[in-house]
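**Q** From just these sequences and the hints, can you work out the full model?
Which chain is which? The protein sequence lines are A and B, in order.
Just so you know, we're using the working numbering here: the first sequence kicks off at 9 and counts up by one.
Just so you know, we're using the working numbering here: the second sequence kicks off at 62 and counts up by one.
Hints listed in this document are in silico derivations from the structure and should not be mistaken for laboratory results.
Hints are supplied without guarantee of correctness; some may be wrong.
Below 30 Å or equal to it, Euclidean Cα-Cα: the simulated BS3-like pairs (lysine-lysine) are [said to hold, decoys possible]:
#1 LYS65(A) x LYS110(B)
#2 LYS177(B) x LYS119(B)
#3 LYS17(A) x LYS79(A)
#4 LYS65(A) x LYS79(A)
#5 LYS119(B) x LYS138(B)
#6 LYS79(A) x LYS110(B)
#7 LYS138(B) x LYS83(B)
#8 LYS110(B) x LYS17(A)
#9 LYS110(B) x LYS130(B)
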Amino acid sequence: NAGVTQTPKFQVLKTGQSMTLQCAQDMNHNSMYWYRQDPGMGLRLIYYSASEGTTDKGEVPNGYNVSRLNKREFSLRLESAAPSQTSVYFCASSLRDRDGLYSNQPQHFGDGTRLSIL
Amino acid sequence: AQSVAQPEDQVNVAEGNPLTVKCTYSVSGNPYLFWYVQYPNRGLQFLLKYITGDNLVKGSYGFEAEFNKSQTSFHLKKPSALVSDSALYFCAVRDFNPMEYGNKLVFGAGTILRVKS
Numbered sequence: 009n010a011g012v013t014q015t016p017k018f019q020v021l022k023t024g025q026s027m028t029l030q031c032a033q034d035m036n037h038n039s040m041y042w043y044r045q046d047p048g049m050g051l052r053l054i055y056y057s058a059s060e061g062t063t064d065k066g067e068v069p070n071g072y073n074v075s076r077l078n079k080r081e082f083s084l085r086l087e088s089a090a091p092s093q094t095s096v097y098f099c100a101s102s103l104r105d106r107d108g109l110y111s112n113q114p115q116h117f118g119d120g121t122r123l124s125i126l
Numbered sequence: 062a063q064s065v066a067q068p069e070d071q072v073n074v075a076e077g078n079p080l081t082v083k084c085t086y087s088v089s090g091n092p093y094l095f096w097y098v099q100y101p102n103r104g105l106q107f108l109l110k111y112i113t114g115d116n117l118v119k120g121s122y123g124f125e126a127e128f129n130k131s132q133t134s135f136h137l138k139k140p141s142a143l144v145s146d147s148a149l150y151f152c153a154v155r156d157f158n159p160m161e162y163g164n165k166l167v168f169g170a171g172t173i174l175r176v177k178s
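**A** Quick look at the structure:
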């Protein structure tokens, strides 16, 4: 099925290790997003890429970096993992409306990466 | 800044009864509101959105939502609940910046819906 694919699905890291979470979408969407989900806090935006070639910080960007590799792929990197980054990470994508600026298209989500940092 | 609040951590209903999951919002300008559902170990799935027009919005799986501007609310409703509706529900509002593309969303904390047979 078409959609948003995240890899890996599960990962355990030690404090200080680095890793990259991968995300790819095959819906020809313009915009992509990385969120983290923590109990009782909903989803919080880490970084987003409104279109290929641009990335911007969201609500909680500290400790993370991103790369919009091409239109399909948007990766999230933890350079030096910390226990506070234990979370479930979701990638999402959305289509840009015809006029571009006022996009009201829904976001489509992957099934998440469950990351534990010891 | 835009925000949404979901005042109930959990809602319990009996199968066949109507259900309501509450959401209130705070925005500058016109609100663009969304409801998503999350099943265990899955990503969020879009249910419905309000952009403009009729205050009653119909969405997937028999859900609908009522936009009320005077009460700044966007409650999710279904006339007859199913056990399979049990899930985590999120309300979201577009974080609007006229100079930006894309569709940044601000999510509520979520409400667990439990439907008992």
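**Q** Could you tell me which of the hints above the structure violates, numbers in ascending order?
**A** Nothing - there is no hint that the structure violates, so all of them hold.
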